[in-house]
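Going down the list, the sequences are from chains P and R.
Numbering-wise (this note's numbering), the first sequence opens with residue 1 and increments by one.
Numbering-wise (this note's numbering), the second sequence opens with residue 1 and increments by one.
FYI, nobody ran anything at the bench for these hints, they're computed from the structure.
Hints are not guaranteed to be accurate.
[Claimed, not checked] Computed footprint of chain P on chain R, listed as stretches where at least three residues anywhere in the stretch have a Cβ under 8 Å from a Cβ of chain P: (1) 19 to 27; (2) 60 to 69; (3) 196 to 207; (4) 271 to 280; (5) 474 to 488.
[To be verified] 30 Å max Cα-Cα, derived DSSO-like pairs, lysine-lysine: (6) R:Lys514 x P:Lys11; (7) R:Lys252 x P:Lys19; (8) R:Lys391 x P:Lys19; (9) R:Lys524 x P:Lys16; (10) P:Lys97 x R:Lys303; (11) P:Lys11 x R:Lys371; (12) P:Lys19 x R:Lys514; (13) P:Lys25 x R:Lys387; (14) R:Lys514 x P:Lys152; (15) R:Lys509 x P:Lys152; (16) P:Lys175 x R:Lys403; (17) P:Lys16 x R:Lys371; (18) P:Lys25 x R:Lys183; (19) P:Lys78 x R:Lys303; (20) P:Lys16 x R:Lys183.
[Claimed, not checked] Distance ranges between label pairs, derived from CB positions: (21) P:Glu23 x R:Ile196: 28 to 38 Å; (22) R:Asp313 x P:His5: 30 to 40 Å; (23) P:Gly22 x R:Tyr474: 44 to 54 Å.
All residues carry an ideal CB built from backbone N, CA and C; glycine is no exception.
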Amino acid sequence: MEHYHMNLNLKVWRQKNCKTKGEFKLYRVENISSEMSFLEMFDVLNEQLIRDGDDPITFDHDCREGICGACSMYINGKPHGPWQANTTCQLHMRAFKDGDTVVVEPWRADAFPVIKDLMVDRSAFDRIIQAGGYISVNTGNAVDGNSLPIPKDDADASFAAAMCIGCGACVAACKNSSAMLFLSAKVSHLALLPQGNPERKSRVMNMVAQMDKEGFGACTNTGACEATCPKEISLSNIARLNQEYLMAGLTEK
Amino acid sequence: MLDAKIPAGPLDDKWVDYKGHCKLVNPANKRKLEVIIVGTGLAGASAAASLGELGYKVKAFCFQDSPRRAHSIAAQGGINAAKNYQNDGDSVFRLFYDTIKGGDYRARESNVHRLAEVSANIIDQCVAQGVPFAREYGGLLSNRSFGGTQVQRTFYAAGQTGQQLLIGAYQALERQVALGNVKMYSRHEMLEVVKIDGKARGIIARDLVNGTLERHFGHAVLLCTGGYGNVFYLSTNAMGSNVTAAWKAHKKGAAFANPCFTQIHPTCIPVSGDHQSKLTLMSESLRNDGRIWVPKAQGDNRKASEIPEEERDYYLERRYPAFGNLVPRDVASRAAKERCDEGYGVGTSKQAVYLDFSAAIIRYGKIEAGKEGRDDVAEAEIITMGKEVVKEKYGNLFDMYEKITGENPYEVPMRIYPAVHYTMGGLWVDYELQTNVPGLYCLGEANVSDHGANRLGASALMQGLADGYFVIPYTLGNSLADEIYAKAIETTHPAFEAAEKEVSDRINKLMSIKGNQTVESFHKRLGKIIWEKCGMARNEKGLKEAIAEVQALKKEFWSDVKIPGEINEMNPELDKANRVADFIELGELMCIDALNRNESCGGHFREEYQTPDGEALRDDANYMYVAAWEYKGESNWELNKEPLVYDVIKPTQRNYK
């Protein structure tokens with residue numbers, strides 16, 4: 001892999017807090033290595049801003065290995081930037097070339113108010129989980145793990161849905177700011193396992209009700225969420241969610 | 001004097017007897033007792049969920065925006081449990097024995113045995129929660145092997161085991177939040193412990209969104225705040241992982257034990273340049289199928305593919321034929337360092353070795369062809385079939401490697417190098433996971449207990465969940481049973497007032513320095529000192545230099561650090577400054593501890609103490625103790641020794657040959 005260096009123009013959303021109006025500001029970074037991650041490029045910029053006496057740019061990030069779901073930048077019109085199946089922290093600068101202009105915004109959704117700059121409040125996701133995204137089993141109640149064989153295909157499908165990192169890129173990508181991919185991943189993860197069966201109906205009803213309450217939009221099946229999801233959560237989960245919801249609604253006591 | 005409160009009786013019966021005789025709190029009284037939990041990774045989330053279920057009033061705190069982001073999520077390979085589902089001779093005793101041996105005989109027998117005992121319950125609990133562990137076609141749970149053991153006892157969910165376990169614990173926690181048993185405080189950082197009449201009675205936390213300081217009362221305080229690996233600046237820890245909560249507790253009287261026991265993980269992606277902000281682990285499970293090698297000739301600049309088989313040195317297989325590529329982490333890391341220091345390293349930096357899957361790809365390809373009953377398959381097709389199998393096993397890790405390096409590990413061998421990964425040291429705790437400050441507990445990686453001088457792979461997840469699900473629900477009740485008459489203390493109490501003032505004074509002081517150097521630059525310099533002089537190999541001269549350098553750095557930090565922004569707003573630079581200030585103090589103690597320990601054991605390798613063939617040389621006569629340091633004022637610590645008594649296992653030199 002050839003390494004190279006580049007100069008970039010950055011257009012970054014700055015907003016002091018949720019009460020003030022934000023605006024784009026222009027910055028220039030020089031001599032950026034193609035081996036850096038996107039967030040390391042932001043580290044360089046922030047060090048530069050601090051030295052110049054400016055306010056550094058605030059953004060969420062933690063594990064920097066694509067699994068915690070904290071990082072959340074809308075880069076050149078795409079959540080997490082140009083690479084497929086990728087998070088912002090795993091985007092590397094070889095995705096860009098010398099002289100590029102890069103536009104960086106926060107996730108934009110009513111349910112994700114901006115805290116500062118590129119950092120948003122995603123606690124709505126926690127509240128959706130609180131509404132039913134679990135199996136009610138207290139510690140100590142479990143039987144032997146092998147007492148309930150689960151067909152490998154079911155376990156694998158459940159795992160594929162459970163890989164969701166809760167970053168919210170699906171919401172940011174959706175023109176309606178719908179949280180259906182996030183919600184459907186959790187409903188699928190639990191509905192595909194026999195352990196999830198007893199609460200199957202109440203779970204889907206309560207979680208959907210909470211999602212609506214949080215102000216997420218409706219799903220119109222454009223598939224933008226699936227296309228942008230860093231963990232490639234499948235749109236078929238939304239079909240499963242709709243089926244679960246319909247079944248639960250029709251058979252509600 | 002430290003009392004570990006190890007129950008009397010034979011090792012096998014200690015935990016059973018303890019549970020049978022510990023005090024209980026009746027449900028009506030549990031409702032009156034408040035518990036503060038700081039940190040919501042595997043240990044914190046599982047403790048918060050379990051204590052909430054029991055009926056305690058729990059307040060849980062995390063600095064991340066959601067408990068689901070805690071760094072337990074990044075654990076890849078798996079979780080050990082003595083289930084013996086594979087019928088390969090595993091048992092509670094073997095898991096116990098492997099853990100003690102892997103830890104180079106510097107862990108407490110009673111705690112480790114309990115860990116092995118509850119390990120099987122953890123798997124059951126997680127399955128019941130819906131954790132989608134890997135399964136065989138018959139629907140039963142799958143296992144794989146890991147370093148330092150000769151049985152297959154590791155349960156896993158592809159390369160995302162930590163994520164799946166944490167999501168399980170997180171969901172259990174959120175369920176308790178919904179039920180009103182746990183109140184969750186996200187984006188909050190604990191900055192002080194409040195002690196009243198010698199007992200931990202609460203914390204001062206800072207709301208990171210608006211900078212407000214808050215006072216929270218608890219009948220007990222549980223710190224589940226993870227390890228301190230970021231003292232090295234570069235580590236596999238998350239950017240936010242820090243020692244601050246544990247360090248504040250330390251300065252309020254809790255002993256900090258074995259801080260020099262840090263784990264350098266052998267298989268990480270090498271550093272690519274000065275811009276590097278963190279390092280990424282490639283799961284140890286890769287050593288099941290990958291073969292580690294360097295060229296036999298020094299300074300060989302050929303591409304890996306151009307170096308013929310006979311000119312490759314599979315140095316782990318050569319030095320350790322019995323365990324081969326699956327030796328414990330400390331052994332594998334040192335062996336890689338030795339080769340690179342001798343000039344056999346690969347890649348542009350020469351600070352890397354190869355982890356090669358070509359043999360495994362062919363082996364798996366042949367098995368696949370064999371399954372179809374075909375023996376005339378061309379090599380190209382075998383390779384294609386083999387790659388599919390490898391992809392199924394390690395696909396996400398290979399993808400991650402390619403994203404970071406731009407190289408395709410299915411085609412060229414991975415380049416790896418050791419990196420800081422885990423810290424075995426931490427707050428000293430007794431058998432009940434209580435520190436020497438009454439009412440202050442410590443769980444998971446943040447405590448010192450179970451891994452001795454070196455942790456075996458797939459044991460961190462096991463310990464975090466053991467502490468939270470199956471240990472603390474019993475041991476906490478044993479002391480809270482005496483607190484049922486203790487009313488909640490108003491946070492207007494002078495002790496809360498004083499603690500809050502201490503915190504705000506410190507923050508004001510930091511903000512008023514208005515110097516010239518960024519927090520990040522100090523952190524990098526600290527990391528460099530500790531990595532070079534208290535890293536994979538240490539010696540007396542280097543450690544003495546490091547102590548002086550860290551002290552000087554501390555002075556410079558407190559006179560020249562530059563923190564932008566305001567106190568009463570979201571200010572990540574201020575948060576970081578608070579953490580780096582504590583890392584600097586910890587760095588000094590690490591070097592003091594490493595200097596005190598005149599032996600080599602596990603992750604602590606003192607160059608002066610090694611066998612003729614370069615293996616760690618323990619000194620059981622003089623150092624078979626937990627070094628628990630008590631804070632006595634600036635740069636001043638007193639050493640307390642907890643002798644380690646081995647009733648069941650006879651310590652020997654670890655031998656993986």
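For each hint, the structure was consulted:
no.	hint	result
1	19 to 27	violated (count 0)
2	60 to 69	holds (count 6)
3	196 to 207	violated (count 0)
4	271 to 280	holds (count 7)
5	474 to 488	violated (count 0)
6	R:Lys514 x P:Lys11	holds, 28 Å
7	R:Lys252 x P:Lys19	violated, 39 Å
8	R:Lys391 x P:Lys19	violated, 48 Å
9	R:Lys524 x P:Lys16	holds, 28 Å
10	P:Lys97 x R:Lys303	holds, 27 Å
11	P:Lys11 x R:Lys371	violated, 56 Å
12	P:Lys19 x R:Lys514	holds, 28 Å
13	P:Lys25 x R:Lys387	violated, 47 Å
14	R:Lys514 x P:Lys152	violated, 59 Å
15	R:Lys509 x P:Lys152	violated, 58 Å
16	P:Lys175 x R:Lys403	holds, 28 Å
17	P:Lys16 x R:Lys371	violated, 62 Å
18	P:Lys25 x R:Lys183	violated, 39 Å
19	P:Lys78 x R:Lys303	violated, 37 Å
20	P:Lys16 x R:Lys183	holds, 28 Å
21	P:Glu23 x R:Ile196: 28 to 38 Å	violated, 49 Å
22	R:Asp313 x P:His5: 30 to 40 Å	holds, 35 Å
23	P:Gly22 x R:Tyr474: 44 to 54 Å	holds, 51 Å
When held up to the earlier numbered hints, the structure conflicts with 1, 3, 5, 7, 8, 11, 13, 14, 15, 17, 18, 19, 21 and fits the remainder.
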